[in-house]
Amino acid sequence: MPVEDVLFIATTILASLGGGVVIVFALSNWLGKLWAERLMEKERAKHAEDLLKLRDDLQTRQNERIETLKNDLHIFKETHLKEHSEKIVIYRDVIDIVATMLSELEGIVLGKQETLPDELLKSFERKRYRAYGYLGMFAPQKVMDAQDTLMDCLLSIIYDGKTVEWETIRNMALAFINAVRDDVGINKECIDYRGSR
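Count the sequence shown with our numbering and you get residues 73 to 269, in order.
Hint data in this document are derived by calculation from the structure and do not stem from the laboratory. Treat the numbers as computed from the prediction; the structure is a model and nothing was measured. Warning: the hint list may mix true and false statements.
[Claimed, not checked] Straight-line Cα separation of at most 27 Å, DSSO-like style, residue types lysine-lysine; simulated pairs:
1. Lys199 with Lys234
2. Lys214 with Lys234
3. Lys214 with Lys199
4. Lys214 with Lys260
The whole structure should be built from the sequences, with the hints applied where relevant.
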């Protein structure tokens, strides 16, 4: 078959189908776009749903973490406040013990009494041991050192008959008070005796 006949037959077939091919092509193009849009819409909806679920999940985890941190902070604050309050009570006890003993020793120095009463000495021993144990639970070494120095001096006066200048005892007491002030954060500045006696 000559090439001209083949071209004629092909042209005749295309001419007879020409309008139909255009219609079928246009219809398939429109239908393809419609399906693509529907598939994209389905994917968008699924993506939005997954995103919303992920956002809710993250929000829930964040809220749980915030609550945990709030509880931890509350426990820390309560513990810290309780420890701080305990320290102040213990430090006051030590100062009361020292003040009581110093006032009694002053009575001896001024000649108002000859010796310390036995009951006072027993009470002093009990209280200072108890206070030392409490200090050991809460106080830093700096406070313990200042307390040890002061108590050792008092014990050497009471039991060994050692004589110590009042200024020396006062400076030891101030060192203890300054260590306490530093520890509880009342004031970091040291206090000094500025009187004349």
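So, going through the hints one by one against the coordinates:
Among the hinted pairs, lysine 199 with lysine 234 is consistent with the structure: their alpha-carbon atoms are about 22 Å apart, no more than 27 Å. In summary, the hint linking lysine 214 to lysine 234 is supported, as the alpha carbons are separated by about 25 Å, within the 27 Å threshold. For the given pair, lysine 214 sits about 21 Å from lysine 199 by alpha-carbon distance, which is consistent with the 27 Å threshold. Taken as a hint, the lysine 214 and lysine 260 pair is honoured in the structure, with Cα atoms around 14 Å apart against an allowance of 27 Å.
Checked against the numbered hints above, the structure violates none of them.
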